[in-house]
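Got chain A sorted already, so can you dock chain B onto it with the hints?
Protein chains in written order, with the working numbering: chain A, 3 to 333; chain B, 57 to 569.
Simulated from the structure, these hints should not be mistaken for lab results. There are no misleading hints in this set.
Distance windows between CB atoms, simulated:
{"#": "1", "chain 1": "A", "residue 1": "LYS273", "chain 2": "B", "residue 2": "PRO190", "range": "52 to 58 Å"}
{"#": "2", "chain 1": "B", "residue 1": "ALA541", "chain 2": "A", "residue 2": "PRO241", "range": "53 to 59 Å"}
{"#": "3", "chain 1": "A", "residue 1": "LYS265", "chain 2": "B", "residue 2": "ARG255", "range": "20 to 26 Å"}
{"#": "4", "chain 1": "A", "residue 1": "LYS273", "chain 2": "B", "residue 2": "TYR110", "range": "25 to 31 Å"}
{"#": "5", "chain 1": "A", "residue 1": "ALA269", "chain 2": "B", "residue 2": "LEU448", "range": "54 to 60 Å"}
{"#": "6", "chain 1": "A", "residue 1": "PRO157", "chain 2": "B", "residue 2": "PRO530", "range": "29 to 35 Å"}
{"#": "7", "chain 1": "A", "residue 1": "GLU314", "chain 2": "B", "residue 2": "GLY533", "range": "42 to 48 Å"}
{"#": "8", "chain 1": "A", "residue 1": "ASP145", "chain 2": "B", "residue 2": "VAL459", "range": "54 to 60 Å"}
{"#": "9", "chain 1": "A", "residue 1": "LYS265", "chain 2": "B", "residue 2": "LEU523", "range": "51 to 57 Å"}
Computed footprint of chain B on chain A, listed as stretches where at least three residues anywhere in the stretch have a Cβ under 8 Å from a Cβ of chain B:
{"#": "10", "stretch": "52 to 58"}
{"#": "11", "stretch": "70 to 84"}
{"#": "12", "stretch": "162 to 176"}
{"#": "13", "stretch": "216 to 222"}
Which bits of chain B does chain A cover? Going by a derived footprint, with three or more residues having C-beta under 8 Å, they are:
{"#": "14", "stretch": "198 to 205"}
{"#": "15", "stretch": "246 to 254"}
{"#": "16", "stretch": "379 to 389"}
{"#": "17", "stretch": "396 to 406"}
{"#": "18", "stretch": "501 to 513"}
Every residue, glycine too, gets a C-beta built ideally from N, C-alpha and C.
Residues per chain are reported as follows:
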Amino acid sequence: MKNKFTAIMVLTVSLTMLLMLVCGSAQGKTGTHFPSKDITFLIGNAPGGANDLTARALIPAMEKALGRNVIPVNLEGANGAVAAIKMARDPADGHEILIHSQSLIMMQYTGQPDVNIKNYQPIIEVAEDIPAVTVAADAKWKDLKEFISYARSNPRKVKVATSGAGSVWHIAGVKLEKATGVQFSFIPYQGGGAKSSVAVASHEVDATTTSAAEVKPLVDSGKLKVLAVLSDERHPLYPNIPTAKELGIDVSYPVWRGIFCRKGAPAEAVKALHDAIKAAIESEGYRKFMETSGFPIKYRGTEEFTKMVQQEDEFHKALLTELGLKISDPR
Amino acid sequence: MANLLGLYTSGLGLVFKPDVILFTFAGTFLGIIIGALPGLTAVMGVAILIPLTYGLSAEVALMALLGVYCGAVYGGSISATLLSIPGTPAAVMTTMDAHPMAKKGEAGRALGLATVCSFIGGALSVIALSVSAPLIANFALKFTSIELFSIAIFGLSIMAYVAPGSSVLKAFVSGIFGLLIATIGLDPMSAYPRFTFGRPELITGVEFISAMIGLFGLGEALSQVEARAVVAEVQTALGRIIPRWDDMKRIIGTMLRSTVIGTIIGAIPGTGATIASIVSYGQEKRISKHPERFGTGCPEGIAASETANNACTGGAMIPLLSLGIPGDSVTALLVGAFMIHGLRPGPLLFTERPDLVSAIFLGMFVANVFMLILGLGGARLFAMILKIPKDLLNTLVIALCFVGSYAIRNSVFDMEVMLAFGALGYAFRKAGIPDAPLVLALILGPMMESNLRRTLALCDGNVVTFLQAFTQHPIAGVTMLATVALLLSPLIIRRRSTAPQRIRAEDRISGKG
Chain A
3 MKNKFTAIMV
13 LTVSLTMLLM
23 LVCGSAQGKT
33 GTHFPSKDIT
43 FLIGNAPGGA
53 NDLTARALIP
63 AMEKALGRNV
73 IPVNLEGANG
83 AVAAIKMARD
93 PADGHEILIH
103 SQSLIMMQYT
113 GQPDVNIKNY
123 QPIIEVAEDI
133 PAVTVAADAK
143 WKDLKEFISY
153 ARSNPRKVKV
163 ATSGAGSVWH
173 IAGVKLEKAT
183 GVQFSFIPYQ
193 GGGAKSSVAV
203 ASHEVDATTT
213 SAAEVKPLVD
223 SGKLKVLAVL
233 SDERHPLYPN
243 IPTAKELGID
253 VSYPVWRGIF
263 CRKGAPAEAV
273 KALHDAIKAA
283 IESEGYRKFM
293 ETSGFPIKYR
303 GTEEFTKMVQ
313 QEDEFHKALL
323 TELGLKISDP
333 R
Chain B
57 MANLLGLYTS
67 GLGLVFKPDV
77 ILFTFAGTFL
87 GIIIGALPGL
97 TAVMGVAILI
107 PLTYGLSAEV
117 ALMALLGVYC
127 GAVYGGSISA
137 TLLSIPGTPA
147 AVMTTMDAHP
157 MAKKGEAGRA
167 LGLATVCSFI
177 GGALSVIALS
187 VSAPLIANFA
197 LKFTSIELFS
207 IAIFGLSIMA
217 YVAPGSSVLK
227 AFVSGIFGLL
237 IATIGLDPMS
247 AYPRFTFGRP
257 ELITGVEFIS
267 AMIGLFGLGE
277 ALSQVEARAV
287 VAEVQTALGR
297 IIPRWDDMKR
307 IIGTMLRSTV
317 IGTIIGAIPG
327 TGATIASIVS
337 YGQEKRISKH
347 PERFGTGCPE
357 GIAASETANN
367 ACTGGAMIPL
377 LSLGIPGDSV
387 TALLVGAFMI
397 HGLRPGPLLF
407 TERPDLVSAI
417 FLGMFVANVF
427 MLILGLGGAR
437 LFAMILKIPK
447 DLLNTLVIAL
457 CFVGSYAIRN
467 SVFDMEVMLA
477 FGALGYAFRK
487 AGIPDAPLVL
497 ALILGPMMES
507 NLRRTLALCD
517 GNVVTFLQAF
527 TQHPIAGVTM
537 LATVALLLSP
547 LIIRRRSTAP
557 QRIRAEDRIS
567 GKG
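Bound conformation, chain A alone (with noise of 0.2 Å):
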């Protein structure tokens, strides 16, 4: 009896060593060839937002560059955080992508001392998000610069929705400030664009810099014009609006949404995800997707986008530093 559970146990660590070793061969093979499995696509917003129907937008033909699965995770929490927080910590294989914007950058500085854009190698751009100066239908100014003249002659009277203090539309509005030598007075609502676009076309805010895209229902309802665009070229959904640099006032601030790994991921690992991820921004599902939507497509490369994602860093310190919502450091 004794023997026999010996000779049992011997077979089932032998067989477990060979299976092992079988798999630990199998893996070196194909260890180099990357993906060796299932791609994870984090997105640290809610189904639906402009993150992930983004990302969604991207996975049919990224599946088809990599011929593995692209599988989206929405791992919502603290404005995204929580996502890349774990893709921080998870293994720098390159199987888990993420898709953020500029507030990856900030919450390093407004609370998040979690996050810190070292821990994230940037491997493509794929669609900007632009601020547009909107105000209700009726309002008493014609262009953008009747806007600022009144603004300059009233200090702190003209009031301008944000979708929070610090949030991206609130640094847009921050730049036309600052380009113009105006102040506004700023108004926070929370919970996404649409809350800052209602808030203009009910008149109890002058204005808002929220996202183009998300102002257009109530542009097309008659409720809101658009007086600028905060972009370095004119935006596809109003070709007939100018930018503010047409007008001479030297203000661009596109929103960027981007694509993450791990720092650390293997280089062919970053590679092979930019070639995918470039193919399926190319490809008919994403232009048509982005053409309704109102995002304008907008491709940088792993090296441009990291030098960018570098230097926007270093302007959204110091700008939160000057507002004084810099609270935290990353650790």
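Then chain B, alone, in the frame of chain A:
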């Protein structure tokens, strides 16, 4: 005229196709199940299913999602009735009366009333939607920060009245606890984290659904485990499901008023079915001749909550279709669903795709009919829950509490939140403190705070300007007057009443009806 009629008939061809009907049915069915499971809400149901509708045509996808929406708002009442756990936050007020009624052995009556009221609320609100969406686009824009603040205050003032069988003082203890917990998270004006103890998960505040599941679900299960040895078995009789005619006659007024309240609140951006049912319940209790019966299992309570939360579904679609702005969090997700199919909800949809707008009206109505059929037909099946032995049921409920709170955002932290609130709920039950006011405060606290502080900022921090603002905003002014009346009415009643009546009045205040 022909054009106007076309808005209602041009979608017939789109809706009455076998696949569209099938998906509407499947959506409604799934929605009811999602709603009935604690932790899975209408928002989550729609969110999970949006990616699955990528491959479908626009009308099939939208009908399926609208079915989920209508079904889930209703489904919450099933677990509220049978388990005393609101399946969705919108069913919080349903729990107040539906569960006591079920405990009295009238589970069938409670389920039947909830189903019929949900149907009436949902169906009438769809009619309101189809009539008003093309006409009154501006309505949603009348509600600015000061109006939302007034609605939140009105909702909070109900706090003292929603708790049956306990004193006003204890209700306030519970409510103020809730208000304190509601301050956790980012400061609404300066975005500075408050009471987060360095936990990134707390930046956006305590996850409300985990708190609710812990408080109602785990708290109730724990105290049942304890009480089991003492209390006799709860009656498991189901009784008649289809509501009796005299029940219907009794609640017809409540249903109509609650439909109006639900539709209006649904149409206000930034509110939703939960707030609609709270306000409606409070309103009905305020005008009722027998407010002391609320919370003990009275049909009016079920009707007020269930009619209003389902009336919200049609209401929330009004600003979405007329202005392109979502009325609540589910319709906010629907914007994404529209966009996937290359559509932009808003006024242009009426000229670009009138057939689709028409199909939405018709499809939502059809979903409500399916909801009625499934609800009444399935009541016997749902009520099998009551036949499960109590020990097994409590274990299942506790397991469901864990799964549900984890599922909200795949977070172990939310399970910890649920556990903490479960302990709190148990302690509250021991001390005889009602838990409903805490939940109300958790929902309404952030809404009250951010809108109050925003209004103050808009008034440059000047209190005089702030008070004057109420005269310039009639909706806010009237709501505030109603709140004051609600808070003072017990005092006035007490002063006017003679000695024997005084006892009754005091009973009413303490809710010992």
